[in-house]
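Trainee: Got chain A sorted already, so can you dock chain B onto it with the hints?
Line by line, the protein sequences give chains A and B.
Quick note on the numbering used here: the first sequence kicks off at 1 and runs consecutively.
Quick note on the numbering used here: the second sequence kicks off at 1001 and runs consecutively.
Taking beta-carbon pairs under 8 angstroms as the criterion, some of the chain A residues facing chain B (in silico):
(1) G87
(2) N91
(3) R99
(4) T104
(5) R148
Pair ranges (Cβ atoms, derived):
(6) B:V1091 to A:E210: 44 to 54 angstroms
(7) A:G39 to B:V1082: 29 to 39 angstroms
(8) B:V1272 to A:N91: 21 to 31 angstroms
(9) A:L169 to B:V1082: 44 to 54 angstroms
(10) B:Y1150 to A:A70: 26 to 36 angstroms
(11) A:G85 to B:A1250: 51 to 61 angstroms
To be clear, the hints were calculated from the coordinates, so they are not data collected in a lab.
Please read all numbers here as calculations on a predicted model, not as lab measurements.
From the three backbone atoms N, C-alpha and C, an ideal C-beta is built for every residue, glycine too.
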Amino acid sequence: MALLEVGALSAFYGATPVLHGIGFTLQEGSITALLGANGAGKTTTLRALCAMVKTAGQIRFAGERIERRATEDIVRLGIAHVPDGRGTFANLTTEENLRLGAYTRRGRDAVQGDLERVYGYFPRLKERRSQQAGTLSGGEQQMLAVSRALMLRPRLMLLDEPSFGLAPLLVRELFGILQTVNRRDGVSMLLVEQNAAMALDLADHAYLLETGRVVLSGPAHDIRRDDAVRRSYLGY
Amino acid sequence: MFQVLAGLATGGIYASLALALVMIYQATHLVNFAQGEMAMFSTYIAWSLINAGMGFWPAFLLTVGIAFILGIFIERIVIRPVENAPVLVVVVVFIGLLVILNSVAGWIYTYTIKSFPSPFPAEPLFGIRYMSAHQLGAIGVTLVVLAVLYVFFRFTPVGLAMRAAAQNPVSSRLVGIRVGWMLALGWGLAAAVGAVAGMMIAPIVYLDPNMMSGILLYAFAAALLGGIDSPVGAVVGGFVVGVLENVLGAFVIGNELKLSVALVLIIGMLLVKPSGFFGKVHVTRV
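The following block holds chain A by itself, in its conformation from the complex (with noise of 0.2 angstroms):
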C-alpha cells in the first residue's frame, strides 16, 4: 500500500516555483531514495511535504490529504523531519533535544525506554546527554537529529542528508542503523542523499530530480545500472 502519494506538486519561495508539479510513491515500510544534484529541489521536496515552504498539489499520507495542515499536526500524523542543517536546540541539553523529539507523545515509560534505544544506537549521545547540545560536533549533532527523529515512534522519516558532516565509517554505521529501523519497525523513510551510492544500497526506489521534475524513477538496483545516473550521480 502506498504510505505517501504525491501528485503534481509545486513549490515556491515566494513567487519563484521550485518545484514543478512532481509526483512519486513510497510504499509503506520501504525506504525510497529522492536523488539530484544540488539546487535540483529534493530539501524543498521534504519542507514541502511538512508545510514549511508554501505548495500547490496533492500530499496525500495513509490516505488522507495533508497539504493544506499545518507543520505541527502533520508531525502528530507520525511524520519525523530530519531537517537540513540538523535542527538542534542548541541551548538545551542532549537529552532534552531527544525528549522534545517524543513532544507531542504520551505514556511515560515508553518514552524513557525509547531515550534508551536510541542510546544504545547512539552511546556517544549518552556520554553527553547533560552536555547542550550547540557545544556537540557537527556528526554528533548529525546522530541527535536523526535520534530526535526517532523518538517520535514515527511511520515515516524525511531524512535530509543524514551523512552530512559524519566520517565515512560513522555514514556507515549510521546507515546500518535506519535499516534496521526501517526492517525492524517497519519505519518507512524518504532518504535525500548527495551519496547517491550509499542511498542506492540503501534504498528500495529511488527518485531522481532535476531542477525540480522527477526524470527518472524505479526500483533502486535499476536506477544504479541506469548509464546516465552512473555517469552524474555515481561517478563511475
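Mentor: Here is chain B on its own, set in the frame of chain A:
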C-alpha cells in the same frame, strides 16, 4: 545594613518584573514596554476584588489567574497580528499598549492615589527588627515565584517546549510544538509574574496609574545588568539594583535622585557591556 535589607525587598520585586521582561524578550526578541502597565492594571484588579470584600490571598490568586488570561489575550489579539512586522511597528504597539492601559486605569479608577493593603502584619515577623514584615514577606513571595518558575521551565514538558519554541521555532514545529500557543503562554506567565510584582510593590509605593513607570525603569536596569536574555541574570540584577538604589539613595545621592541610579545603570551597561554580566554575546557574521 537596614538599607541593604530594604533593598533586597524591593530588589526582589524588580527581579520579578525583570524576569517577566526577559521571558517576553526571549520569545519575541523585543522589550515589552507595557510590562509595567500590565502589572499596574492587574494590581487595580486586585484592589477592586479586595474592596469587594475578598480576602487578600484569594484576591491575590484570582488576580494572578486573571493576569495570566489577559496576557494570553493581549498576545493573541494585539501582538499576533504584528508578529512578522518590522521592529519599530512592534515597539509602537508596545507603547500604544502602555498608553491605553494607563489611560483606561485612570479612566476607571481615577488618578487619585489609593493605598493598597499588605497581607503581612504591621509588627515585625520572627522578631527581626531590621525589616518590616512586608519587606520580608515580599522577599518570600518573590522567592516562591522564582522557585515555581524554575521548576516549571526545568522539569515540565510544557516548560521545555516553551524554551524550545523561544529559541528555535522551526525545529519546534518539526517536533509538533504549537509555537504560537507557547508564545501566548509566555505572555500569560509574564503578565502573571508582573501581577505578583505589582501587588507586592503597591503597599510600598501606593496605587496609581503611574506607579510602575519608575519600577519598570529599575526592572530594565536589572534585566540589562544581568543580560536581557538571561533569566538568572535578571533575578541577580534585580536584587543588585534594589540594594544599590537603596544604599546610594540613603547615603550618597539622596532619595530625590534615586531613579537616576537606574538610568545611569542602563546607559552605563549599554555603553560598557551591552550583553550584561550573564548574557550571551551575539556575534553575527556579515
